[in-house]
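Visitor: Sequence:
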Amino acid sequence: MVNIVKTIQPPSLLQAIKNGVILYDNLGKREKVDLRNKLLKDQGYICCYCQKRLPHKFIVKSKIEHFLCQDKNPKLQLNFNNLFIACNGIGNNDVFTCDTKKANLDINSFDLINSNITSKIKYTKNGAVFSDDQNIKNDIENILNLNDENLRKSRESVYKAIEQIKKRCGLKKGNYSKKIEKSIRDCIAKDANGKFQPFYGVSLYFLKK
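Its first residue numbered 1, the sequence shown is counted upward by one per residue in our numbering.
Hints in this document: simulated from the structure, not taken from any laboratory. This one's a predicted model, so the numbers in the text were calculated from it and none came from an experiment. Be aware that a few hints might be false.
Straight-line C-alpha distance at most 35 Å; calculated DSBU-like pairs for lysine-lysine [as the list claims (entries may be wrong)]:
1) Lys63 <-> Lys101
2) Lys153 <-> Lys166
3) Lys41 <-> Lys122
4) Lys101 <-> Lys18
Construct the entire structure; sequences and hints are all you get.
Guide: Structure, rendered in structure tokens:
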């Protein structure tokens with residue numbers, strides 16, 4: 001999980017709000033499509049929680065997420081800073097993660113924009129995610145189920161790939177620190193298609209260690 005940088009909200013969403021729309025369910029199809037596309041671009045086509053790749057075309061693989069849930073926070077339903085895009089959260093054997101697991105619960109231990117969550121999340125070599133902050137730890141384990149076995153294995157694979165990169169940097173001639181710094185810059189940059197690497201928060205964590 002990493003902090004998400006928001007750009008400006010879609011003009012069609014802003015116009016809908018100006019026209020008096022206050023509930024998400026009352027948005028038209030165009031506004032929802034524009035919103036989904038904007039969130040995908042802002043997040044580099046990765047889930048706001050687990051960082052899995054989100055496909056552009058197959059909308060059943062992703063869902064618009066209200067960080068503070070709609071039921072408890074009706075005034076925030078169309079607040080762009082409360083809107084993100086998440087994976088569908090459905091794993092093997094009907095194990096739920098991310099927004100699907102979170103359901104109508106609110107997360108109060110962090111937010112995805114202002115809390116510097118990137119620095120508070122840690123990973124083990126076998127792909128487990130945790131935090132020294134017990135409230136955050138509870139939210140990522142119990143509210144979001146981010147230590148689901150499939151997610152853990154994916155993060156473990158990323159760790160192994162990063163170790164190979166660090167090994168190659170050490171074997172090649174030149175300044176090791178500068179080569180790692182370049183790898184970090186590459187890690188946090190979107191590619192030519194505007195996409196982040198899946199699980200790049202894991203890559204960033206181990207490149208900095």
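Visitor: Which hints from the list above does the structure break, by number from lowest to highest?
Guide: Hint check: nothing fails, all pass.
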